[in-house]
Amino acid sequence: MQPAVDLYELSKSFRVRRPRSGGIGARLSNFIAPDVQAVPAVDRLSFSIAPGERVAFIGPNGAGKSTTLKLLAGILQPDAGEVRVMGLVPSRQRTELAFAIGTVFGQRSQLWYQLPPRDTFELLGRVYEIDARAHARRIEALTAVFGLGELMSTPVRHLSLGERMRCEIAASLLHSPRMLFLDEPTIGLDVSAKAAIRELLLTESIRQGITLLLTSHDTGDMESVCDRVIVIHRGRLLWDDSIAALRKSFLSAKRVTFWSEAEHLDVTLPGVKVVSSAAHRTELEIESGATPLGQVVDAALRQSSITDMVIEDAPLDEVIRALYAKAERRCAT
Amino acid sequence: MTLTYLKKHTAYARIAMAQGRRERAELYGRVVFFAVILGVFSSLWRAVGEAGLPASGDPRALVWYLAATEWIMLSAPQIHLEIQEAIRRGDVVYRLGHPASYVMAEFAAGLGATALRMPFLGLTAFGCAFAFTRWTPPLSAIALFIPFAVMAAALLVALYLWIGLLAFWLQDVSPVFWVTQKLMFVFGGLMLPLAMYPSAMQKAAAFTPFPVMLFAPASIVLGTGLVRPVILARDLALWGGVMALVVQWTYRRAAAGLTVNGG
Amino acid sequence: MTRWVNTLRFARALVTTNLKAALALRGAFVMQALFMVLNNFTFFVFWWVLMRRTPTLRGWRLADIQVLFGVVAAGYGLTVTLAGGVRYLGQAIEDGALDTLLTQPKPVLLHALGLRLQPSGFGDVLSGLVFILWSGQVSWRTAPAVALAIAASALACAACGIVFFSLAFWVGRVETAARQLWELLLTFSLYPEPLFGGALRLALFTVLPAGFVGYLPASVVREPSIQNMSMLATGAVLYFTLAVLVFDAGLRRYASGSRFTTFG
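Quick mapping for you: the protein sequence lines, in order, are chains A, B and C. In short: position in the first sequence from 1, add 45, done, that's the working numbering. In short: position in the second sequence from 1, add 806, done, that's the working numbering. In short: position in the third sequence from 1, add 11, done, that's the working numbering.
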């Protein structure tokens, strides 16, 4: 089956002007002969996404995520390499591709501010050349699924951010795209709004077989919606596998929190580190392979009677932070 | 007014000047516009001269007259837009808590920006006027005109400030600005000295501050003796007082409305 | 064929949506339109006062000035209502707002132009029509010529706006400069062409085509000859084509990423 996204050695550099500092002479030379350097934003990136997959695309700020997304959507042209989205070459078949993809930019809105979402939806019907009756049915279906009801007749300026985001995502699905690009879709949303958006994305993707490519700094987005994560750093591929595999093979550690009768616990064993400590509460991080979990628990029990205990995996945030740190160290050497 | 009070508000003026120095593109644009307008009008007045203008109008003097009125007009920054934005964003609410009068602060900032623009635009005004006419009015006339021009520009800043304050009630103050500006063109005699208007219009103009802002100071440059400096000074002071009262009253109504409605 | 039909349908939908958005704030809409009418008439008072004393100015009478004013006002009004996004083109390029438009299957320029509507433009069109009718130089027979004149003026005006604001593709923050260039264009178009000397007149028909925004359309209204009308139509269309080419070149540069100085 044809992949939804197929990148091979995709590269893109930006020309950045580095202004010389100094007096009039420097200013003049900046103007006449500016010092321009090519800074790689995407560097021989290769990966493939199958139809229906939900992929998180993450990396530290400046890693090249937005650039990659823009290359895939046909907004930017690559310098080298090959890219195909839904079998089309974005830079050459932009219009054709536009009918097959939807985009949601968390920090930008395509809804008209003074008008109710319904008016933008109708305009989008004309943008995507959707038959009037089919369009009306589609709007009704999406209104039901996304719980838009009353929101449809409320001017966008009166909607909360969460409500607006639901409308934005619904708008991006009006033309039944096969693929959705989302750039920070939950940014600025409160906890319940985020949960609602994540659920909607997951259900719609499963139901309609829509491929998702999502960039986010919120690991909750990743865990709730996606099965696979691609990590890039300085434009290069750092990691490409399932989230479970990321946890398992990269940083395998367990977090154990003890609530004890004693005020403090002192568990000094190889590979065991105290993460946080408060009166009657101690949180430890245990590197796997260093000390068996059972031994740690025994050690704690020997010191004090334990009233409660929680064992969990290291938070994904920390896993990713460690991944970035390792990559930085590799770059530095 | 205490020294501290003055110092505080002068600080606002200084910040405005510093900001103005960075926004040079706007200033250069005005310089170019000024030069173009003077060029067009010098051509216009020459054409009018050919067609036979009444004796009281020397085409070259009329170009200098326009340079004078435009100098005042273009020197005053259009602060109504910034004030409108600040009110929309709610910044004003923060300023209410500051131990400085909001209107005085804005007025001081406006004056600061004016102080920055006036020298540049003045050089442009008189440089272009001379270039297009190859003539200058008596230097004493120009010297007398300059302080009145500064006072007139200050009065204009106060007017723009008042228009900006209307944003407390209006969605968009731009329409008010356009109409006020055009009324100023007409009743202030921006392009044509008021003396050339039908007498009914001249009488109507007397009820507005516009002649005092543009026509009267610029007439000094014409050297016709039509305007007496002492009278002009008195009128500027009177209209200044009226403007100050109107601005303060408007602001108090606005602030009262804010506190009652909770912002 | 279908593509053109769809594009026209889209353009019509843009205008309708824009109108709805503008009318959503009814008070502001009415005020802007009304005050613009007042604004234009007040500005005209200068000419009325001047022409009372000097009935002819290098062959131009008050009625000629009225036609000139009318055509420029109506043309500019049409531009800022139907293609109101032109004033915000520079901003859209700077902010990356074109990104969203690039992911949609409609011409980017058309979409960008149609994103906004300035209600004051209605005031301009209305006052423009009033000036033209008031001049007494038109009749029912010359109505098509008037329509052509206004349309051509709008096309030339929009074309200049597109070129000036598209400079953002190459130069970066051109907002102020572009806006002032556009105002300069309008300033020149509002004054009778006989006032200008040879070199300036050439410039006003080439680099800063105020001649196609004001003088030539006004001539077509006063003397609707085939020669005048063809020259006007050709000029306006050429300028607009040039503007579209400039925008497209800029858009290619945008897509190649050479205008960026930061990346993410």
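Rather than coming from a laboratory, the hints here were simulated on the basis of the structure. Incorrect hints may appear among the rest.
Pairwise CB distance ranges (calculated) [unchecked claim]:
| # | chain 1 | residue 1 | chain 2 | residue 2 | range |
| --- | --- | --- | --- | --- | --- |
| 1 | C | Leu140 | B | Thr1030 | 35 to 45 Å |
| 2 | A | Ala83 | C | Arg14 | 49 to 59 Å |
| 3 | A | Trp304 | C | Arg184 | 35 to 45 Å |
| 4 | B | Trp1055 | A | Ala78 | 50 to 60 Å |
| 5 | B | Trp941 | C | Thr187 | 53 to 63 Å |
| 6 | C | Leu19 | A | Ser91 | 38 to 48 Å |
DMTMM-like mimics (lysine to aspartate or glutamate), calculated; alpha carbons at most 20 Å apart, straight line [unchecked claim]:
| # | chain 1 | residue 1 | chain 2 | residue 2 |
| --- | --- | --- | --- | --- |
| 7 | A | Lys299 | A | Glu332 |
| 8 | A | Lys371 | A | Asp285 |
| 9 | C | Lys117 | A | Asp88 |
| 10 | C | Lys117 | A | Asp176 |
| 11 | C | Lys31 | A | Glu332 |
| 12 | A | Lys371 | A | Glu174 |
| 13 | C | Lys117 | A | Glu174 |
| 14 | C | Lys31 | B | Glu856 |
| 15 | C | Lys117 | A | Glu332 |
Short derived list, chain A residues pointing at chain C, Cβ under 8 Å [as the list claims (entries may be wrong)]:
| # | residue |
| --- | --- |
| 16 | Leu160 |
| 17 | Arg163 |
| 18 | Arg209 |
Here a beta-carbon is modelled for each residue, glycine too, at the ideal position from N, C-alpha and C.
Review point. Does the structure keep Lys117 (chain C) and Glu332 (chain A) at a Cα separation of 20 Å or less?
Key: Violated: Lys117 (chain C) and Glu332 (chain A) sit about 55 Å apart, past 20 Å.
Point to revise | Outcome for the supplied range 50 to 60 Å, where the beta carbon pair is Trp1055 (chain B) and Ala78 (chain A) | key: holds (59 Å)
Point to revise | Hint check: 8 Å Cβ-Cβ cutoff, Leu160 (chain A) to chain C | key: holds (5 Å)
Practice item. Verify the proposed pairing of Lys371 (chain A) with Asp285 (chain A), using a straight-line Cα cut of 20 Å. Key: Within the cut-off at roughly 16 Å; holds.
Exercise for review: Could you tell me whether the CB distance from Trp304 (chain A) to Arg184 (chain C) stays inside 35 to 45 Å?
Suggested key: With Cβ atoms ~58 Å apart, the hint is violated.
**Study point:** Restraint status (C-alpha distance of Lys31 (chain C) to Glu332 (chain A) at most 20 Å)
**Key:** violated (62 Å)
Review point. Holds or violated: 38 to 48 Å for the Cβ distance of Leu19 (chain C) and Ser91 (chain A)?
Key: holds (42 Å)
Check your understanding: CA of Lys117 (chain C) to CA of Asp88 (chain A), is that 20 Å or under?
Key -> violated (31 Å)
Check your understanding: Once the shortest beta carbon distance from Arg163 (chain A) to chain C is found, is it less than 8 Å?
Key -> violated (10 Å)
**Study point:** Pairwise hint evaluation, Glu856 (chain B) against Lys31 (chain C), where the allowed Cα distance is 20 Å at most
**Key:** Not OK: Lys31 (chain C) and Glu856 (chain B) at ~52 Å, beyond 20 Å, violated.
Practice item. For the hint on Arg209 (chain A), just tell me whether its beta-carbon gets within less than 8 Å of chain C. Key: violated (15 Å)
Review point. Is the Cα-Cα distance between Lys117 (chain C) and Glu174 (chain A) 20 Å or less?
Key: holds (10 Å)
Hint compliance for this structure: hints 2, 3, 5, 9, 11, 12, 14, 15, 17, 18 are not met, and every other hint is.
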